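**Q** The residues making up each chain are set out below.
Number of protein chains: 2
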Amino acid sequence: MSSYLLEFFAPVVAIAGLLYSLVFWNQVKYAPDGTHEMKKVANAIRTGAQAFIRRQYQAIAVLTVIVAVLIVVLYGLTGSDESAWTHGVETGAAFLLGALLSGLAGVVSMRVATRVNLKCAAAAKGGLNSALQMALRGGAVPAIVITALSLLGISGLYLFYKFVFLLDVADIPKLIVGYGFGASFVALFAQLGGGIYTKAADVGADLVGKIEAGIPEDDPRNPAVVADLVGDNVGDCAGRGADLFESISAENIGAMILGVALVPYFGVKGVLFPLVLRSIGLVAAIIGVYTVSAKDTEKNPMRAMTRGFWVTAVLTTIALYFCSRWMLNAPTDILHDDLPAIFSDSAIWYFLAGLVGVLTSVAFVYITDYYTSKEYRPVQSIADASTTGHATNIISGTAIGMESTGLTVLTVCVALFCAYWLGEQTGIDGGALYGTAVATMGMLAVVGYVLSMDMFGPITDNAGGIVEMSKAPEEMRKVTDELDAAGNTTKALTKGYAVGSAALAAFLLFSAYLTEAQFEVVDLANVKVFVGAFIGAMVVFFFTSLTIRAVGRAASVIVHEVRRQFKEKAGIMRGTEDPDYAAAVDISTRAALKEMIMPGIVAVVSPILVGVVLGKEAVAGLLMVGTIVGVILAAYLNNAGGAWDNAKKYIEGGIHGGKRSHAHQAAVTGDTVGDPFKDTAGPSLHVLIKLFSTLTLALAALFM
Amino acid sequence: MSSYLLEFFAPVVAIAGLLYSLVFWNQVKYAPDGTHEMKKVANAIRTGAQAFIRRQYQAIAVLTVIVAVLIVVLYGLTGSDESAWTHGVETGAAFLLGALLSGLAGVVSMRVATRVNLKCAAAAKGGLNSALQMALRGGAVPAIVITALSLLGISGLYLFYKFVFLLDVADIPKLIVGYGFGASFVALFAQLGGGIYTKAADVGADLVGKIEAGIPEDDPRNPAVVADLVGDNVGDCAGRGADLFESISAENIGAMILGVALVPYFGVKGVLFPLVLRSIGLVAAIIGVYTVSAKDTEKNPMRAMTRGFWVTAVLTTIALYFCSRWMLNAPTDILHDDLPAIFSDSAIWYFLAGLVGVLTSVAFVYITDYYTSKEYRPVQSIADASTTGHATNIISGTAIGMESTGLTVLTVCVALFCAYWLGEQTGIDGGALYGTAVATMGMLAVVGYVLSMDMFGPITDNAGGIVEMSKAPEEMRKVTDELDAAGNTTKALTKGYAVGSAALAAFLLFSAYLTEAQFEVVDLANVKVFVGAFIGAMVVFFFTSLTIRAVGRAASVIVHEVRRQFKEKAGIMRGTEDPDYAAAVDISTRAALKEMIMPGIVAVVSPILVGVVLGKEAVAGLLMVGTIVGVILAAYLNNAGGAWDNAKKYIEGGIHGGKRSHAHQAAVTGDTVGDPFKDTAGPSLHVLIKLFSTLTLALAALFM
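Taken in sequence, the protein lines are chains A and B. Each residue of the first sequence is one higher than the one before, counting from 381 in the numbering used here. Each residue of the second sequence is one higher than the one before, counting from 381 in the numbering used here.
In case anyone wonders, no lab produced these hints; they're calculated from the structure. Bear in mind the structure is a predicted one, so any value in this text is a computation, not a measurement. Please note that the accuracy of each hint is not assured.
[Stated by the list, open to error] Simulated crosslink set (DSSO-like; lysine-lysine; CA at most 27 Å straight-line):
hint : chain 1 : residue 1 : chain 2 : residue 2
1    : A       : K908      : B       : K908
2    : A       : K649      : A       : K419
3    : B       : K409      : B       : K1039
4    : A       : K1039     : B       : K590
5    : B       : K1029     : B       : K1039
6    : B       : K851      : B       : K1039
7    : A       : K851      : A       : K1029
8    : A       : K505      : A       : K409
9    : B       : K409      : A       : K590
[What the hints assert, rightly or not] Just so you have them, the derived chain B footprint on chain A, three or more residues with Cβ under 8 Å:
hint : stretch
10   : 720-726
11   : 757-771
12   : 777-783
13   : 792-802
14   : 911-917
15   : 1001-1009
16   : 1017-1031
[To be verified] Every beta carbon over 12 Å from chain B, so not counted as near; a handful from chain A, in silico:
hint : residue
17   : K419
18   : Q430
19   : F543
20   : D548
21   : P596
22   : G815
23   : K947
24   : M953
25   : E957
26   : P1056
Glycine included, every Cβ here is placed at the ideal spot set by N, Cα and C.
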């Protein structure tokens, strides 16, 4: 009975969450749409975004089906017995489901975000608080949908295998590893395509608009301006949504696999714990979003949002305590005589491990804030370096980005080590590893709220663009500018959170891979493993090079298109003729989708090649060292990019001569360099490292 | 008898080499010194360089003595028996000897280079060929001294332990690991101090001179111009000299340790093989330098130097063949029936492994050339990107640098794998690892010639500066410009070679560490090892950040000094008053020496901390993954920097508008960003990764 309750808990909460997202949606849907001009702009953005998403997902769908078929065939041909084909079909089907739900989450996010942007712009008329609530509640809709769909997919597969195929609980988690791979696969291309599009459009629009034609940002005369606004949606919104969909799916599956080892102690509860905790986290996130409504937000939108985050974190911690007590309770074998009686039960140790995870998520928010906010030394030192020119701005930002990897890595290492040690204190066989799993769950339990904050970014960015392009009154612009600044901060924080959680989840996924591939030692002193590790580290750099170059190439395509329009339609600059926004959007779409293929292939093929040529231990080397380097390089790229961005804003605030000073020109260079770093390469690396994990996990059988 | 011959071979050749360097020196010493103006400039450079070296080595001497005492105490206190103190003293003494000889090599290099620069400038009057020969033969003096001193130190220690302490041959190599650590320790600070000095002076001189005052490079009115020329000597010359002194010392010691395992097969010959091969390589390098004298060098200095490299490589290969046949001959246990009879002896397999090493050195020369020469796509694409501004120049260079890690890593992996496989074919226990050792020896056998080419760089750079500052005739400037361009290429090639050999040596040094620390498996799935590995990767980034920032800070000190002089001595700009070069040199020296401390401490302390807190396996994780990441990041920094540099020169050749065009301004930004990348951070990373190896090897006892 209690077991049934647990098994149905996650799907029921997920469905309830989906229904509840409709409540939020209704609160948003009937809000006013603003003026005719605003609607016109929003309509252009929506049309462009939908066209991109349609084409992008068509391309991804083709690739997905090919890979699914390959999975089945490879499993069937390399397997030793007849069950290999069955296993192949199961993995392929799970892959398709993961891909499908990830795609669905992406489509919903995009459709909602491209409607809420207009509502938020219109709400700016009513002041900061109404626009803030509109953006955050609107952002909560995709956040809930993403979290709920991920839960529903995994718990649905679980129920399907248990009640339709009547399989043993211990056998189920490894059958759903394909789901994680599917989610990663779609996330890879969603993030690559979206990330390349958004920065190519941004850089392209700036190069011709600001620099060549001398018109301000978001000026309606720039044919690429709509493409730029579309980019915010397809990159930050759909891209990061797929990224975190993948994170939570992979973490859930990895933790369930490790939970199987604990069945002798906790029965099915250890396997279901990740799903239950995530479900409660979803509810906590909804409550957190609701608390962001106090009147004093008039002063500082970030403070209100941070309060919401803390509410979510505290609620999650309380839930973590009771869930641990209820589901992970076994007497410890280790004597803790000098501690209160409660410490002789495993529950308290796992609660503490989970708490480590929650605290890690808080730590990442603060580390990211320190390195990318203009309140502190890092950004200010970049602004200072800008006074001596472009080169010193770049050198300084590079140094700051690299420095930021120090605290990032130490935090992950301390968290990992503490969680492992706490897990060890349970005295349970395999309990130490499960400690790291619970910490990862703790960190990802707040994902619903973090996603809402993240969606807030592109929504307010778009709202600002709509207000600007529709020539709305000055006081509305002030509101959207304020929200936009907060949105930039939330976007940076989410990236810090995403990379931190990817790092923590990685160790858990390695362990799951070792369990799946049936070996325990990854010996770096073995020349094959060393070569695998070396290649893994290199692929991270090579992949980054490809993504950065892709932005450059796609941007130059856009530059040529804008130049063509300026040349052929002389009325554009005089304001007597409308630019052809759709043509610019169309050309950006095609360029970005073309460019996403090459890095995508490198990401997928390299671990498979290493695995087939050098064997399963070498893949483990590639996976682990690739992840280490990926986390560090992503932290560097994200934080350097964020710091450059805010150093520019800091100078625009009036320091070192303000706008149009020499320092500002140098700071603009840094900001432009940082764009592909933080919005294309960095986020693509988050996805890459998780893809490494889920791919090796799903294809473990091939490397044996 | 034959054993005695072998044991005394290396010291005799080393002493003969040192004597022979006097022959080269005499050829150079009595060459004419040029005009009074040239002598005056050269004198200022020499005085500045010697002042820097004196202060730098004083600081290093203090640190070295402290560390030597710490080694003795730590060994004594943590050891379990009385022999611990003895072992501590032995290691400490070897450490001091390694440090002393490395320092001596540095001082000699510097003194020679700061005399040859003037001779080369004066020889420019006689045309390209006489100046080329002067620079290369002058550069050969320190190259021979460095190689010979390294050999002499190791073979001297060997003889000392064998004939004074009457120790068993198998026990000796591990007693001289301290020597390698001493060499690394000095190299770390020599490279850090020199690298920071050279780029701080360069960037500082450019920022005030070119940008603020609008005077050309090497203009005698710039007070920092002498500091800039001093920097070429202390960075490229003393720094890289110490770097490669360390490489060959560490490689010799590591290979000797692995050779001990092969005593049952080859007796003492396997232990002495590295010393003998290196000795012959030294002779081959001297012959190689002599061949660079043909008349057709009038056309292209690089072609003549490349021919000398090939002569050295071919001679080395022949020597390798006969040495293998003579010293590494044991019948193989593996049947190679389908191959000629020669393949049933281990000698041929080791010869092939050594050949892999020689070919790897050639491959690295070509890879570096591809990525940093203006003949090929990479540099040209950066030049193209410069037409759209500073930011696209930086983005493009970043992408190229990251791309270059691909071929770098694949080459190392293929070499490592082939050498290991070839070693495996000998059927000898431990023979596979020794295969990687022989490959490393093969790669480093040509080090004498490569070092001559490297010293050629700062000598010709200085010669150009002397000619420019002394207002010598136009035709002399043309000669030195031509040589300077070739010198830039040789400097880039040496860096590629240095990073490649460090990578290859690394695997060998890991294996030596595992032997010393008495364990065989470095299990990345162990949470401690994983944390160690994560920290190792992070330290590489953090250290890079510190070195880059150090350049920025030291440069700003120089900027302030130059501004002060311009303000206080109004006659400088009018040409009526001499600037105070010595004050600028002095201030640069103090700034650079202050800045070298912090990265140095991070480099030394982090592996010790990880070792003491997390144990010997965790250090191995730090060492291996730190090395992987260090090699990749160094390749990125070196190649991006070299490519930016030549993209600027490519544009200056007349492409995209030539000098003073917008594209050129953007390219100057890239060049300035690349300066600390390629001349400070990258080379410091070469040293860092070898320091990790030698430090862990020497302190292995502490982590157990």
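**Q** So, for every hint listed, does it hold in this structure?
**A** Quick rundown of the hints versus the structure:
{"no.": "1", "hint": "A:K908 x B:K908", "verdict": "21 Å, holds"}
{"no.": "2", "hint": "A:K649 x A:K419", "verdict": "51 Å, violated"}
{"no.": "3", "hint": "B:K409 x B:K1039", "verdict": "39 Å, violated"}
{"no.": "4", "hint": "A:K1039 x B:K590", "verdict": "25 Å, holds"}
{"no.": "5", "hint": "B:K1029 x B:K1039", "verdict": "9 Å, holds"}
{"no.": "6", "hint": "B:K851 x B:K1039", "verdict": "22 Å, holds"}
{"no.": "7", "hint": "A:K851 x A:K1029", "verdict": "23 Å, holds"}
{"no.": "8", "hint": "A:K505 x A:K409", "verdict": "17 Å, holds"}
{"no.": "9", "hint": "B:K409 x A:K590", "verdict": "60 Å, violated"}
{"no.": "10", "hint": "720-726", "verdict": "violated (count 0)"}
{"no.": "11", "hint": "757-771", "verdict": "holds (count 5)"}
{"no.": "12", "hint": "777-783", "verdict": "holds (count 6)"}
{"no.": "13", "hint": "792-802", "verdict": "holds (count 5)"}
{"no.": "14", "hint": "911-917", "verdict": "holds (count 5)"}
{"no.": "15", "hint": "1001-1009", "verdict": "holds (count 5)"}
{"no.": "16", "hint": "1017-1031", "verdict": "violated (count 0)"}
{"no.": "17", "hint": "K419", "verdict": "35 Å, holds"}
{"no.": "18", "hint": "Q430", "verdict": "30 Å, holds"}
{"no.": "19", "hint": "F543", "verdict": "35 Å, holds"}
{"no.": "20", "hint": "D548", "verdict": "26 Å, holds"}
{"no.": "21", "hint": "P596", "verdict": "18 Å, holds"}
{"no.": "22", "hint": "G815", "verdict": "10 Å, violated"}
{"no.": "23", "hint": "K947", "verdict": "17 Å, holds"}
{"no.": "24", "hint": "M953", "verdict": "20 Å, holds"}
{"no.": "25", "hint": "E957", "verdict": "26 Å, holds"}
{"no.": "26", "hint": "P1056", "verdict": "6 Å, violated"}
Hints 2, 3, 9, 10, 16, 22 and 26 from the list above are not met by this structure, while the remaining hints are.
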